[in-house]
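For the record, the sequence lines run as chains H and Y. Counted from 1, the first sequence has number 19 at position 20 by numbering that gives the first Met the number 0; the numbering is strictly sequential. Counted from 1, the second sequence has number 361 at position 362 by numbering that gives the first Met the number 0; the numbering is strictly sequential.
Certain hints may be false.
Residues from chain Y that keep clear of chain H, each with C-beta distances beyond 10 angstroms, as calculated [stated by the list, open to error]:
hint : residue
1    : Leu3
2    : Asp119
3    : Lys130
4    : Glu165
5    : Glu172
6    : Ala209
7    : Met279
8    : Arg294
9    : Tyr355
10   : Asn451
Once the Cα atoms are required to be at most 30 angstroms apart in a straight line, the calculated BS3-like pairs of lysine-lysine come out as [what the hints assert, rightly or not]:
hint : chain 1 : residue 1 : chain 2 : residue 2
11   : Y       : Lys28     : H       : Lys27
12   : H       : Lys26     : Y       : Lys234
13   : Y       : Lys50     : Y       : Lys62
Which bits of chain H does chain Y cover? Going by a derived footprint, with three or more residues having C-beta under 8 angstroms, they are [unchecked claim]:
hint : region
14   : 19–28
15   : 49–59
Calculated from the structure, these hints are not laboratory results. For every residue, glycine included, the Cβ atom is placed at its ideal position computed from N, Cα and C.
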Amino acid sequence: MKKFEYTIKDEMGIHARPAGMLAKEGKKYESKITITKEGRTVEASKLMALMSLAVKCGQTVEVQIEGSDEEAAYEGMKSFFEANL
Amino acid sequence: MECLKGKSVYKGVAFGKISVLKKDDYVVKRVKIEDTQAELQRVEEAVEASKQQLQKLYEKALKEVGEASAAIFEVHQMMLEDEDYKESIENIISTQQVNAEYAVASTGDNFSQMFASMDDDYMRARAADIKDISNRLVKNLSGQSADVMDLDEPVIVVADDLSPSETVQMDKEKILAFVTVHGSANSHTAILARMMNIPALIGVDMDLEALHTGTEAAVDGFHGEFFVNPSEEVKERIQRKIEEEKEKQELLQQLKGKENVTKGGRHINLYANIGSVADMGYVLENDAGGIGLFRSEFLYIGRNELPDEEEQFQAYKQAVQNMAGKKVIIRTLDIGADKQADYLNIEKEENPALGYRAIRICLAQPEIFKTQLRALFRASAYGNLSIMYPMITSTEEVVQIQAIVQEVKEELKADGIPYNDVEEGVMIETPAAVMISDELAKMVDFFSIGTNDLTQYTLAIDRQNEKLDRFYNPHHKAILKMIQMVVDSAHQEGKWAGICGELGADPELTETFVRMGVDELSVAPSMILKLRKIIREME
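Using the sequences and the hints, build the whole thing.
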């Protein structure tokens, strides 16, 4: 299992559109990817669940990746967060 | 006449007939079915059809209102693909053996309930999006047209609430205003109204059943008023206001290409403040004479490491090239206080406004400063670039800056990289800088007065603190006297002085500033033509 923490820089937080892009990105991999904020964990591939976390700018989330392609998924998610959030 | 109050999300006025949009009375019926497989298949097909419609709406919105507002239809498509949402529909069909319409409607209710109960305003507003996609699915399932609104003549659209897809489908030419019972300032209706420049009132407490399409009405977005069957008096007032607004816009457009000169022949430069290269369009559109404040922070904020020289060089070069010879004044890094970049690891401070910020960071960490200066001087070879240093309090700081600038120039020379000797100025935003402006004027090429910080430091009032609003007087004599002092100090040495803070855009003071001898006002692009008008009308 691999994981990293990320503090949201986007002013709007994980609002609808990046959440949609994130869900799309999450679906690309075999691995199970989860996002945790303040003890609540949701699957990255589920848009509405992601939105329900209501992650704001400046808040930190933990991203956990577990599965056959976790190396690639880890790199992919990391660069997605840095580029979009 | 009935006068209803609401919250205005776009200031404007309108008069015309209303068109009441009532939500369909179509009630989804719960029907037992035998063949669940066939129902699931119907859902698949309806999802596909909905996605195609949304793609079309996305393309329409993209053309009419731009990428940012069109994005919601992309999000709607993604929501339709949400696993939880789909699973819920499928579960209801399979376990309860009911029709697809019912399964979609109750799933939509559940999910929108969930969003409606969140504490976050933005997310609460998303409940409307879920209702919107669910209604679309139900309509597609039941063979109704999911697309609405064919308007013959321009109308004031009155509704309970408007979904993004309803708003964007409307023919913009046919809408005079929006008036809704619900909706928030964050809703897409509000955002679209602003983009489309259509007056809009939300949160109007009205009974839609009592209103009829075709009734005369007037909307006053300046006062948040909606008049049904307006009296002759109100009608006249609104009509006058409409004419005024129209004339104002037309007049402003005619001022493009004209000089900022008073009747007495005094000339003043009107420049624009911008925060990124992406704002350049507004600068040119509004006919600014140059850029008076280019905040370089955008290059530093919202990322994980410092921007390197090449990246900065490209951005500055693009800015000066776009302005094709017009002046572009770039302010060096002004980070700290309310603007933070995590990677700089600035410790939490008791008093960030009086803390480690702007030029103080640059002088304490000269490697950061030198990278930016190298990029700026390299870009100077491509256009009319000037550099401005923020948060100056002493002449020693200017001496230190000049030494670093000298080093940078020598390095560039040694590397054989071309650059120009540019105009260098300082921001006057501390009372200290005002008091020594006579000395500073001997050392630099120009002054730009940052009135936001200057006011906060002079009046000892934190502008973020709402409790202090009653004590805050932006027209305080102390500030005006300081501005006069700075302008006089500059002129004494044959230098120029401008204002780039919010006060510079205050139409009530334009005349005062011109009389004081202020040489330049740098303001939001949308204010340029308005100020030009005031200046040209001055004696």
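Given as non-interface: Asn451(Y), which should sit over 10 angstroms from chain H by C-beta | Check passes; 20 angstroms lies beyond 10 angstroms.
Say whether it holds or is violated: Ala209(Y) keeps its Cβ farther than 10 angstroms from all Cβ of chain H.
-> 35 angstroms, holds
Against chain H, does Tyr355(Y) hold up as non-interface, every C-beta pair farther apart than 10 angstroms?
-> Since the minimum Cβ distance to chain H is about 20 angstroms, Tyr355(Y) lies beyond 10 angstroms and the statement holds.
Are Lys26(H) and Lys234(Y) close enough, with their CA atoms no more than 30 angstroms apart?
-> At roughly 57 angstroms apart (the allowed maximum being 30 angstroms), Lys234(Y) and Lys26(H) break the hint.
Say whether it holds or is violated: Leu3(Y) keeps its Cβ farther than 10 angstroms from all Cβ of chain H.
-> Nearest chain H Cβ is 31 angstroms from Leu3(Y), so the label holds.
For the pair supplied as a hint, Lys28(Y) and Lys27(H), is the alpha-carbon distance within the 30 angstroms limit?
-> 38 angstroms, violated
Does the claim that Met279(Y) lies off the interface hold, with its Cβ farther than 10 angstroms from every Cβ of chain H?
-> 21 angstroms, holds
Take a quick look at Asp119(Y) and tell me if its Cβ sits farther than 10 angstroms from every Cβ on chain H, holds or violated.
-> Check fails; 4 angstroms does not lie beyond 10 angstroms.
Stated coverage of the region 19–28 of chain H by chain Y [criterion: 3+ residues, CB within 8 angstroms] | As far as the region 19–28 of chain H goes, the hint holds, because 3 residues have Cβ atoms under 8 angstroms from chain Y.
For the region 49–59 of chain H, do at least 3 residues have a Cβ located nearer than 8 angstroms to some Cβ of chain Y?
-> holds (count 4)
Distal placement of Arg294(Y) relative to chain H, Cβ over 10 angstroms | 15 angstroms, holds
Compare the distance between the alpha carbons of Lys50(Y) and Lys62(Y) with 30 angstroms, and conclude whether the hinted pair is satisfied.
-> 19 angstroms, holds
In the structure shown, a violation is registered for the earlier hints numbered 2, 11, 12, in ascending order.
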